[in-house]
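Asker: First to last, the sequence lines map onto chains H and W.
Here the first sequence is numbered in the UniProt record's numbering, starting from 1 and rising by one per residue.
Here the second sequence is numbered in the UniProt record's numbering, starting from 1 and rising by one per residue.
Keep in mind the hints are simulated off the structure, nothing from the lab.
It is possible that part of the hints are untrue.
[Stated by the list, open to error] Think about it this way: if two alpha-carbon atoms lie no more than 20 Å apart in a straight line, the pair counts; the simulated SDA-like pairs of lysine to any residue are:
id : chain 1 : residue 1 : chain 2 : residue 2
1  : H       : Lys240    : W       : Gln277
2  : H       : Lys124    : W       : Glu151
3  : W       : Lys240    : H       : Phe47
4  : H       : Lys327    : H       : Glu110
5  : W       : Lys220    : H       : Ser275
6  : H       : Lys294    : W       : Thr413
7  : W       : Lys294    : H       : Leu148
8  : W       : Lys380    : H       : Lys298
9  : H       : Lys416    : W       : Lys380
10 : W       : Lys431    : W       : Lys380
11 : W       : Lys361    : W       : Ser316
12 : W       : Lys196    : H       : Ile212
13 : H       : Lys298    : W       : Thr413
14 : W       : Lys240    : H       : His138
15 : W       : Lys486    : H       : Glu251
16 : W       : Lys380    : H       : Asp143
17 : H       : Lys196    : W       : Ser208
18 : H       : Lys486    : W       : Gln248
19 : W       : Lys529    : H       : Leu247
20 : W       : Lys240    : H       : Pro206
21 : W       : Lys294    : H       : Lys298
22 : W       : Lys196    : H       : Pro206
23 : W       : Lys196    : H       : Ser208
24 : H       : Lys240    : W       : Gln278
25 : H       : Lys486    : W       : Phe47
26 : H       : Lys240    : W       : Phe47
Protein chains: 2
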Amino acid sequence: MENNQSKVITRRDFLNYAGKVGGTVAVWGAMESLGLLGHSLASAEEFQAPKKSDLTMANKNGKKIIILGAGIAGMTAAYELRKAGYDCTILEARDRTGGRNWTVRGGTTETEIGGVKQTAKFDKGLYMNAGPARIPQHHITIDYCRELGVELEVFANSNEFTYYYQENAGPLSNTKIRKGTIKTDARGYVSELLAKVADKASLDAPLSKDDIDRLRDYLKREGGLSSDFTYHGSNRRGYKILPGGGLQPGEVDTPYNFSQLLQSGMMNNISGDYSFQQQPMMFQPVGGIDQIPKALEKQLPGVITFGAEVQEIRQSSDGVRIVYQTKANGNTKEITGDYCICTIPLPVLKNIPADFTEPMKNAIKNIHYAETGKIAFQFKNRFWENEERILGGITTTNMDIAQIWYPSSGYLTQQKGVLIGYYNFGENAVKYGNLSLSQREALALEQGAKIHPQYKKEVENSFSVAWHKIQYNQGGWAEYTESDLKNYYPILNEPQGRIHLAGEHLSYLTGWMAGAFESARIVVSRIHKEVLKEGKSPATVG
Amino acid sequence: MENNQSKVITRRDFLNYAGKVGGTVAVWGAMESLGLLGHSLASAEEFQAPKKSDLTMANKNGKKIIILGAGIAGMTAAYELRKAGYDCTILEARDRTGGRNWTVRGGTTETEIGGVKQTAKFDKGLYMNAGPARIPQHHITIDYCRELGVELEVFANSNEFTYYYQENAGPLSNTKIRKGTIKTDARGYVSELLAKVADKASLDAPLSKDDIDRLRDYLKREGGLSSDFTYHGSNRRGYKILPGGGLQPGEVDTPYNFSQLLQSGMMNNISGDYSFQQQPMMFQPVGGIDQIPKALEKQLPGVITFGAEVQEIRQSSDGVRIVYQTKANGNTKEITGDYCICTIPLPVLKNIPADFTEPMKNAIKNIHYAETGKIAFQFKNRFWENEERILGGITTTNMDIAQIWYPSSGYLTQQKGVLIGYYNFGENAVKYGNLSLSQREALALEQGAKIHPQYKKEVENSFSVAWHKIQYNQGGWAEYTESDLKNYYPILNEPQGRIHLAGEHLSYLTGWMAGAFESARIVVSRIHKEVLKEGKSPATVG
Numbered sequence: 001m002e003n004n005q006s007k008v009i010t011r012r013d014f015l016n017y018a019g020k021v022g023g024t025v026a027v028w029g030a031m032e033s034l035g036l037l038g039h040s041l042a043s044a045e046e047f048q049a050p051k052k053s054d055l056t057m058a059n060k061n062g063k064k065i066i067i068l069g070a071g072i073a074g075m076t077a078a079y080e081l082r083k084a085g086y087d088c089t090i091l092e093a094r095d096r097t098g099g100r101n102w103t104v105r106g107g108t109t110e111t112e113i114g115g116v117k118q119t120a121k122f123d124k125g126l127y128m129n130a131g132p133a134r135i136p137q138h139h140i141t142i143d144y145c146r147e148l149g150v151e152l153e154v155f156a157n158s159n160e161f162t163y164y165y166q167e168n169a170g171p172l173s174n175t176k177i178r179k180g181t182i183k184t185d186a187r188g189y190v191s192e193l194l195a196k197v198a199d200k201a202s203l204d205a206p207l208s209k210d211d212i213d214r215l216r217d218y219l220k221r222e223g224g225l226s227s228d229f230t231y232h233g234s235n236r237r238g239y240k241i242l243p244g245g246g247l248q249p250g251e252v253d254t255p256y257n258f259s260q261l262l263q264s265g266m267m268n269n270i271s272g273d274y275s276f277q278q279q280p281m282m283f284q285p286v287g288g289i290d291q292i293p294k295a296l297e298k299q300l301p302g303v304i305t306f307g308a309e310v311q312e313i314r315q316s317s318d319g320v321r322i323v324y325q326t327k328a329n330g331n332t333k334e335i336t337g338d339y340c341i342c343t344i345p346l347p348v349l350k351n352i353p354a355d356f357t358e359p360m361k362n363a364i365k366n367i368h369y370a371e372t373g374k375i376a377f378q379f380k381n382r383f384w385e386n387e388e389r390i391l392g393g394i395t396t397t398n399m400d401i402a403q404i405w406y407p408s409s410g411y412l413t414q415q416k417g418v419l420i421g422y423y424n425f426g427e428n429a430v431k432y433g434n435l436s437l438s439q440r441e442a443l444a445l446e447q448g449a450k451i452h453p454q455y456k457k458e459v460e461n462s463f464s465v466a467w468h469k470i471q472y473n474q475g476g477w478a479e480y481t482e483s484d485l486k487n488y489y490p491i492l493n494e495p496q497g498r499i500h501l502a503g504e505h506l507s508y509l510t511g512w513m514a515g516a517f518e519s520a521r522i523v524v525s526r527i528h529k530e531v532l533k534e535g536k537s538p539a540t541v542g
Numbered sequence: 001m002e003n004n005q006s007k008v009i010t011r012r013d014f015l016n017y018a019g020k021v022g023g024t025v026a027v028w029g030a031m032e033s034l035g036l037l038g039h040s041l042a043s044a045e046e047f048q049a050p051k052k053s054d055l056t057m058a059n060k061n062g063k064k065i066i067i068l069g070a071g072i073a074g075m076t077a078a079y080e081l082r083k084a085g086y087d088c089t090i091l092e093a094r095d096r097t098g099g100r101n102w103t104v105r106g107g108t109t110e111t112e113i114g115g116v117k118q119t120a121k122f123d124k125g126l127y128m129n130a131g132p133a134r135i136p137q138h139h140i141t142i143d144y145c146r147e148l149g150v151e152l153e154v155f156a157n158s159n160e161f162t163y164y165y166q167e168n169a170g171p172l173s174n175t176k177i178r179k180g181t182i183k184t185d186a187r188g189y190v191s192e193l194l195a196k197v198a199d200k201a202s203l204d205a206p207l208s209k210d211d212i213d214r215l216r217d218y219l220k221r222e223g224g225l226s227s228d229f230t231y232h233g234s235n236r237r238g239y240k241i242l243p244g245g246g247l248q249p250g251e252v253d254t255p256y257n258f259s260q261l262l263q264s265g266m267m268n269n270i271s272g273d274y275s276f277q278q279q280p281m282m283f284q285p286v287g288g289i290d291q292i293p294k295a296l297e298k299q300l301p302g303v304i305t306f307g308a309e310v311q312e313i314r315q316s317s318d319g320v321r322i323v324y325q326t327k328a329n330g331n332t333k334e335i336t337g338d339y340c341i342c343t344i345p346l347p348v349l350k351n352i353p354a355d356f357t358e359p360m361k362n363a364i365k366n367i368h369y370a371e372t373g374k375i376a377f378q379f380k381n382r383f384w385e386n387e388e389r390i391l392g393g394i395t396t397t398n399m400d401i402a403q404i405w406y407p408s409s410g411y412l413t414q415q416k417g418v419l420i421g422y423y424n425f426g427e428n429a430v431k432y433g434n435l436s437l438s439q440r441e442a443l444a445l446e447q448g449a450k451i452h453p454q455y456k457k458e459v460e461n462s463f464s465v466a467w468h469k470i471q472y473n474q475g476g477w478a479e480y481t482e483s484d485l486k487n488y489y490p491i492l493n494e495p496q497g498r499i500h501l502a503g504e505h506l507s508y509l510t511g512w513m514a515g516a517f518e519s520a521r522i523v524v525s526r527i528h529k530e531v532l533k534e535g536k537s538p539a540t541v542g
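The whole structure should be built from the sequences, with the hints applied where relevant.
Answerer: Have a look at this one:
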């Protein structure tokens, strides 16, 4: 250690220190393997796409894989397997690929379970990403975008110029306040509080005097404190009057009262941006999230049968047999193959007769899927940019709508824009899901207008989706409790004879496209290994 | 107040509370004028562009304005004045517009004072923004981009996946660590420390028991603390092994030792992102920062005389007379007009004979300009994206290079990329400025390679700039001390008879394009008012 000051060493310190190799390590590779480089984001296993030569050498060409569902998982599985020349067929119930990866444009239609037909009226060039919408850097989704040539742009997940807005939360209720302002005040007060007690060295912590000095110096910067370690406000929170040219130094406003700030609950939303999945920077495909399934689809000419609704999933020791109905004419058909990859979401799968074991059937029907919904509004003017200077990002509120998403493209130059007017979960999503389309629109307009009074004058049309009411999904994503992870998740991840489940629900990244990609890779590797082993130890049913 | 708990009211509380109108205020407009809406970013004065009708009605058409410098300030002044029909001529020493707003592309050349000619070798489509590079949402620059039709994209100023890297800073030296990891640990430990003392209610602060509870709840979320308010690490800091599909929950690493963290100094850089000028989201023009001067130039056909180096700035009670040299042939020319707007940076201006008062001349020569420099490297592969998963953003280090900027465009799809390899100030900038071009390259490569060992293998070419050595600038931006602001700044902002100074140096936004835009608007308004008043009270010299 290079620090010559006498230092209090606690056991935790020691373990931390011993756990790392001390001193200078010059070799990048060595550090990588020692896990010392903060950037090493190793996957548990390196994926190897199946190769044609694998099959040829083992004399295993011609294997037929039936894949159920042309979402991310299904198409990725086909894409990877076809690299080795597997004969893949995808059965897709809808007339489009993507599954939950769905971009709604003008003319898009949807009818929810028990609902009326809805047709989007967005202008050309405008769209709504109705399901997934953003990608963090560490997700494998990024790698697939690179491989498939999908162009990315920044998704503005975190913008200090967006708002918090709270109701029934004390004196700061019913006031839209910029997130940067709240964060500045929060940091200021909290830093001040700790700086004062750090001074007293009354902390029950293994810090030397030098450490305390460094900590106070950090707190002064972190909080924007004055020289006496007090928070008096800061220009970081914004201005009452902006600094400008000439003799205009600008004027900073006084900070909010700390007790009122705490009462408002706004501070509790700050950490939402810290999660590893949501840290900046995040990304989206240019022109709609469905550029990803479109790029996959392009790699799968002739592979996908659309409008094919699976009726039965059967298997024997020799192969699989899928019974499906062609929606166009109601005819029943069958297709056979060597293996099946089933990516059908569990709430739908549980109602399809299948040759699974009882424990598997039990697991399938016990997993709850998230109720979640969104609405998108087309506005004839981008008032949030033109009048409120918000370019992208998310406003957060404790009203039912939960959040407002501003578009991350077409800044300033696009006349019109599509906002997400609510994106909620649980009981709020159930509530909105139970409303008619026009009731959803009315309620979201009413709530949103408290934040953006321009809503009513500028709105042109809307499109809403309640994922738990979408026929082939019946939920946004799988939600595993601790008990589910223990009792059901391992079963779901076991192949059922020749049938393998894949999808975001077979991952620790539920709700993210990366979960579907990762799961597909695992199943592809597993089947490929199985095929290469065939004849040595047979696949068994159940 | 809606809080029924008995509450300690301090004087500061009372002042804060009384300073705001309490209770619910439903009318947005009223709140706007009361300054209660966190979004009100009022300028000190609303700018009104001069109108043709103003001049016609006052019979003041035909006024001739000579503008020195075709940077942002000069061209904006001409642009706004021409809306009213003023006859504007801009004299520009260079053969291009933009001044410090300069995008270096393949073929761009520059020769620094006392230096050798440098020619950029960037591939088509790649570029370096050598001066300004990013725009916050509240700057008037955004409004001009909208008005002029300049397309914007996000400038990734803050990316948790970029690194801190410190030397001579304790046990965490010589280790690149992701910013998100450092921030998570810092928040964790600091939140833990405060949560523990908050529990004891030993804080010298006017917080009720409910407030303390809310504060601790906030700290738990903020720090990612366990139920006993201790920081044990968090998946927010990233993973040793990422969560994936199937049975891969991922593995979180242990946090850094807090004392080592404090010693490293990395925590002190965290607040750099909090300044009001640097908060997310920030923006850049698509295709280079010089899209802004190009768009202005397009509005000024026939207005700009290039290669015209100002030699003398003269005036009488009747008008102004500018003597300049055409660089092409060395000839001396003169141009006369009614008013002059001089945007020449002060270090250059101080050496040009001018009819200014002595106090003005004294002010001009006493303002220090920042030493600052950048280097850009073209790499044949975007290794930072492909291998380290960094898409845009800035790595920060205490090495001389100070920072590495990753490009905010062409993610994944562009094969090659241009990085900023250093961007430094003060004595580091002087040091690099004194090196030869190849020495700068070598030193920046050597330092950067400690963070990115791929540097040496992938580098193709470089281009460096030391702004204090650029002939027509001799500095990055004006740097005012408190004493300068008191003694010199007001003088600089006073018109000198018919001559008005404009530019970022005549603003509280020095170093930002917005300073130039704001200053130009002020001078335009001032001259226009002067013109309309003419004949009533004459403009005086000195």
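Asker: Would you check the hint for Lys486 (chain W) and Glu251 (chain H), treating anything up to 20 Å between C-alpha atoms as holding?
Answerer: Since the Cα atoms of Lys486 (chain W) and Glu251 (chain H) sit roughly 17 Å apart, the hinted pair holds (cutoff 20 Å).
Asker: Quick one, are Lys240 (chain H) and Gln277 (chain W) close enough, alpha carbons at most 20 Å?
Answerer: Holds. Lys240 (chain H) to Gln277 (chain W) sits at ~15 Å (cutoff 20 Å).
Asker: CA of Lys486 (chain H) to CA of Gln248 (chain W), is that 20 Å or under?
Answerer: holds (13 Å)
Asker: Can the restraint linking Lys196 (chain W) and Ser208 (chain H) be considered satisfied, given a maximum Cα separation of 20 Å?
Answerer: holds (18 Å)
Asker: Is Lys240 (chain W) within 20 Å of His138 (chain H), Cα to Cα?
Answerer: The given pair, whose Cα atoms are some 12 Å apart, holds under the 20 Å limit.
Asker: For the pair supplied as a hint, Lys124 (chain H) and Glu151 (chain W), confirm whether the alpha-carbon distance does not exceed 20 Å.
Answerer: Since the Cα atoms of Lys124 (chain H) and Glu151 (chain W) sit roughly 19 Å apart, the hinted pair holds (cutoff 20 Å).
Asker: Does Lys298 (chain H) lie within 20 Å of Lys380 (chain W) when you go C-alpha to C-alpha?
Answerer: violated (29 Å)
Asker: Taking 20 Å as the top limit, are the C-alpha atoms of Lys240 (chain H) and Phe47 (chain W) close enough?
Answerer: Satisfied, since the Cα-Cα distance of roughly 17 Å is no more than 20 Å.
Asker: CA of Lys240 (chain W) to CA of Pro206 (chain H), is that 20 Å or under?
Answerer: violated (26 Å)
Asker: Does the alpha-carbon distance linking Lys294 (chain H) and Thr413 (chain W) stay inside the 20 Å limit?
Answerer: Cα-Cα ~17 Å, so holds.
Asker: Does Lys294 (chain W) pair with Leu148 (chain H) here, judged by a C-alpha cut-off of 20 Å?
Answerer: Outside the cut-off at roughly 35 Å; violated.
Asker: Starting from Lys196 (chain W), check that the Cα of Ile212 (chain H) is at most 20 Å away, please.
Answerer: holds (16 Å)
The structure fails to meet hints 7, 8, 9, 10, 20, 21, 25 from the earlier list, while all remaining hints are met.
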